[in-house]
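**Student:** Listed here are the chains, written in short residue letters.
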Amino acid sequence: MAGINLDDSVMTTRLDSVINWARRNSLWPLPFGTACCAIEFMSMMASRYDFSRFGAEALRFSPRQSDMLLVLGTVTNKQAPVLRQIYAQMAEPKWVVAVGVCASSGGMYRTYATLQGIDRVVPVDVYVPGCPPRPETMIHGVMELQKKISRESLSARKEHIERFYQSMARQEELQRAKGLTSYQVVREMVLEAGAAGGQQIW
Amino acid sequence: MTPAFSPFLPVLLLLLIALGVGAAILLVSGKLLPGLLKPDNPQAAKLTPYECGAPPRQQGARHRYSVKFYLVAMLFILFDVEAAFLLPWAVQYRTHLWTFWAMLSFLATLLVGYIYVWGKGALDWER
Amino acid sequence: MVIERIEAQLPGAILEHHAFRGDETIIVAGARFLEVVDLIFGEGYQLLLDVTAVDLETPEYRFEVVYHWLNLASQARLRIKVPLAEGAAQPSLVSRFKSADWAEREVYDLFGIPFEGHPNLTRLLMWEDFPGHPLRKDFPLDGGDLFCSQDIGASFAPEARSLNA
Chain A
1 MAGINLDDSV
11 MTTRLDSVIN
21 WARRNSLWPL
31 PFGTACCAIE
41 FMSMMASRYD
51 FSRFGAEALR
61 FSPRQSDMLL
71 VLGTVTNKQA
81 PVLRQIYAQM
91 AEPKWVVAVG
101 VCASSGGMYR
111 TYATLQGIDR
121 VVPVDVYVPG
131 CPPRPETMIH
141 GVMELQKKIS
151 RESLSARKEH
161 IERFYQSMAR
171 QEELQRAKGL
181 TSYQVVREMV
191 LEAGAAGGQQ
201 IW
Chain B
1001 MTPAFSPFLP
1011 VLLLLLIALG
1021 VGAAILLVSG
1031 KLLPGLLKPD
1041 NPQAAKLTPY
1051 ECGAPPRQQG
1061 ARHRYSVKFY
1071 LVAMLFILFD
1081 VEAAFLLPWA
1091 VQYRTHLWTF
1101 WAMLSFLATL
1111 LVGYIYVWGK
1121 GALDWER
Chain C
2001 MVIERIEAQL
2011 PGAILEHHAF
2021 RGDETIIVAG
2031 ARFLEVVDLI
2041 FGEGYQLLLD
2051 VTAVDLETPE
2061 YRFEVVYHWL
2071 NLASQARLRI
2081 KVPLAEGAAQ
2091 PSLVSRFKSA
2101 DWAEREVYDL
2111 FGIPFEGHPN
2121 LTRLLMWEDF
2131 PGHPLRKDFP
2141 LDGGDLFCSQ
2151 DIGASFAPEA
2161 RSLNA
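Protein chains in written order, with our numbering: chain A, 1 to 202; chain B, 1001 to 1127; chain C, 2001 to 2165.
To be clear, the hints were calculated from the coordinates, so they are not data collected in a lab. The beta-carbon is built from N, C-alpha and C at its ideal position, and this holds for glycine as well. It is possible that some hints are incorrect.
Stated by the list, open to error - Heads up, simulated BS3-like pairs for lysine-lysine below, C-alpha to C-alpha not over 30 Å straight-line: (1) B:Lys1038 to A:Lys148; (2) C:Lys2137 to C:Lys2081; (3) A:Lys148 to B:Lys1068; (4) A:Lys148 to A:Lys158; (5) A:Lys148 to C:Lys2098; (6) A:Lys178 to B:Lys1046; (7) A:Lys78 to C:Lys2098; (8) B:Lys1068 to B:Lys1046; (9) A:Lys78 to B:Lys1046; (10) B:Lys1038 to A:Lys158; (11) A:Lys158 to A:Lys78; (12) A:Lys158 to B:Lys1031; (13) B:Lys1046 to A:Lys147; (14) A:Lys78 to A:Lys178; (15) B:Lys1120 to A:Lys148; (16) A:Lys147 to A:Lys158; (17) A:Lys147 to B:Lys1120; (18) B:Lys1046 to A:Lys158; (19) B:Lys1031 to B:Lys1068; (20) C:Lys2081 to C:Lys2098.
Claimed, not checked - Not close to chain A: a few residues of chain B, all C-beta gaps over 12 Å, as computed: (21) Leu1015; (22) Val1028; (23) Leu1036; (24) Leu1037; (25) Cys1052; (26) Tyr1065; (27) Ser1066; (28) Leu1075; (29) Asp1080; (30) Ala1084; (31) Gln1092; (32) Tyr1093; (33) Tyr1116; (34) Ala1122; (35) Leu1123; (36) Trp1125.
Bound-form chain A, shown alone:
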């Protein structure tokens, strides 16, 4: 499945540019911190690198009150349905930044336990490489996200998120139909996507 369609000739209107200006300058992060990248995130929020310059002063650990999901650290296969649920519970509009190599691709953990990249289960907007990335790198990643937000149209973002909810509905249906646990359903969906040539289930 392709990412959000930015190359189609979608003309962003003036309303879009105003709204996007507001959205990109007030990104409230939800730090989904599982490992070492969360520590670098703490440095980024602290006074030397000061992430709140970018409008991210309001750090909310609740999906209801934030709009940017920062996945900081390794996500295990057991954690994958939890990550999907958290992303599902966030209020729209929402963006996802995969911080660090573990979130981007599984990192150095090519094992039975680690999810090989969160883009298998949630739609990711920006990948920030590093193990862990320096705070400047993470800030650069968020600035790239801000540029992306200024380029996209409101309806494109809406459709992009809608696709994810369709995959949540499919997950729910599979769970009920086959009586499997959520981890097994996610695994089945990834393998099914693999059979079709990709590996992303959203």
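Position chains B and C relative to chain A; hints supplied.
**Tutor:** Positioned in the frame of chain A, the structure of chains B and C alone reads:
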């Protein structure tokens, strides 16, 4: 002799304007502007209660709570109604002497009940 | 010191012992294990720090269950290793040490060693229906599961893979 129009008419007018302006503000900021700007996408997965991503452990948010709260509320109602009866009496009991004794007998009845409640330990929160 | 006392009171319980830079280790047979535990509890080793296991795959026995104790009074530590054959069960220490609860669940989850008398012997780290026991030496690193490979799409249909996938 009733006046031509009530002196309270400006107050009514003020009340209506206040309600109207309040409703207008709420409608514009709550329905009109969000209708234009806010993405509205209620999805089943989004509306599930937040439990750190885990599946919900119990049906709904009904917790069991102690019956102490019910007891306190009931006792409050009783003695509050008693106090409400005392208020008009306090204004005019000096007009007739027997109203004093009538109210005192009423209070004595409730006093018996109060002593019983106290003795039974219903006022003791810690028990 | 404590090793001598164990030897004195429970002769034959200790199969082997060694020490390295103040680290004392004794190897105890499974049958005498609980007696030794009760004895060292009396000696002051009352904090069970960890229960873990090693998959050795020696010809005599497969696993070695390793326990660590701390004597809070003397700050001395003791390690007890119990050799265990495959499929054999180990008595649970939950009734004596609360810290054994999750530690034994972890050993069960990752090695498949059952603990008799454990109140809730279920998987702790892996999910409930995970197939296999990951820290055994014969468990492959990626679980033998295509799910963990980096590029599932290519495994299925290498020529059909588009650049946008």
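**Student:** For which of the previously enumerated hints does the structure constitute a violation, in increasing order of number?
**Tutor:** 3, 5, 8, 15, 17, 19, 23, 24 and 25
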